[in-house]
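We have chain A already, so just place chain B on it with the hints.
If you want the building blocks of each chain, they are given just below.
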Amino acid sequence: MSATEALQLDDTDRAIINEYQGGFPLTEEPFEDVGAQLGITAREALERVTRLLEDGVLSRFGPMYHAEKMGGGLTLAALEVPEDDFDRIAEIVNAFPEVAHNYARDHIFNMWFVLATETPEGVAETIAAIENATGLKVHNMPKQEEFFVGLRFEA
Amino acid sequence: MDDLDRRIIMATQEGLPLTLRPYDDVAKTVDADPADVIERMKRMLDQGIIRRVGVVPNHYALGYRGNGMTVWDVPDDRIQELGRKVGALDYVSHCYHRPRHLPHWPYNLFCMVHGKDRQSVEEQTARIAAILGNTARDHRILFSTRILKKSGLRLVA
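Residue numbers (my numbering), protein chains in the order written: chain A, 1 to 155; chain B, 1 to 157.
DEER-style ranges, computed between Cβ atoms:
1) B:ALA35 x A:GLU44: 21 to 31 angstroms
2) B:PRO99 x A:GLU118: 21 to 31 angstroms
3) A:GLU118 x B:ILE131: 35 to 45 angstroms
4) B:LYS150 x A:ILE108: 17 to 27 angstroms
Pulled from the structure, derived: some chain A residues nowhere near chain B, Cβ distances all over 10 angstroms:
5) ASP10
6) ASP11
7) THR12
8) ILE40
9) ARG88
10) VAL123
11) ALA124
12) GLU125
13) GLY135
14) LEU136
Since the hints were derived computationally from the structure, they do not count as laboratory data. Glycine included, C-beta positions come from ideal geometry on N, C-alpha and C.
Isolated chain B (complex conformation):
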């Protein structure tokens, strides 16, 4: 990443301009050629610096009011296989291996589950539990009770 990449990131991390030629406007902001802005963004997409370009729905507005962070205690030597299996389910949005914090926190597999309400999240979690069977020694659903802050990622100069 060079200085122009960083300027492009800063100019677009809050979103693209809502204009017919948004990359032209980004180019003006970062003082570069529009074709270069597009080229740089394509490269960052290829490199995975940009995960994707598009719209992000507000899942609450779409009716997904239930969101549960499900956490599972699975054997470390099977976590890849199990994580991939659970991550492939269509109601799981993120699936990560994270460290345990004993004694309060024996869980090492984190899977965000989304549904239209708490009950559907509970049902989906039960389905995950059935898939994992007795390889999961324990699990929990942590529902979010309040959003305290949601500002997105931000690169500051």
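Here chain A stands alone, though its shape is the one from the complex:
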């Protein structure tokens, strides 16, 4: 899919974004390989990745780890937060280092966060701690099966 509008990206930037969402080389000089593939020098490939990160076109560069396979716990959970108390609750929830993402969403369940914990047991412990700190019931929605992960966004 592609939805680029007013971004100042040239074809080489687009190639970096589109070709390297996976498969970045695990070699001594990976930017040599990337540069050779794109017809630029290693230095230029590195500079472009650096600039795309600085400009916020890329949000990350490196390995993406799989929490459960690292032996940790991962879940999605939802809260029903009173609107007039929303910011205070968001602060409490966000203060937990186990909360990796937190989104406001338009539903009676209006706060949705991902918990990533060191151990599988950490999920239940953190949920109990969040319930204790907020006084709200946490609706735990752990993944039961994964059908697909990994949209490749096109620039």
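Chain B in isolation, oriented as in the chain A frame:
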């Protein structure tokens, strides 16, 4: 996973160093041989501990301003077949079976849909609804109204 794997994870989970020889720099940080760092990372990739190595575009910056969590109530005994079908669509990024929370939450299939704006997410959701037909008893789109936190996964020592 042993101690060196864990040190590599901690040194790289925020990203690789922006240098011509990034694995050399990781090796220095974790006090190991560069060849071992590369070997370990290849192994973790094979084992699925690393999902992939590369760039992660900021989808807002690329013009994907619409992102909707679409949720569907489908029969449990057909969820695999239906989840795979929906997950294969090119505008769906994640597709999971998750538990219902009755009475407020009858939905068991979660699919993240991305498009350039809300309207395109709505159109794509309508296409999913057409694919699922009457096997989906109910569905909703939950748009994100605010990002409250986005720090990524983090392993702490």
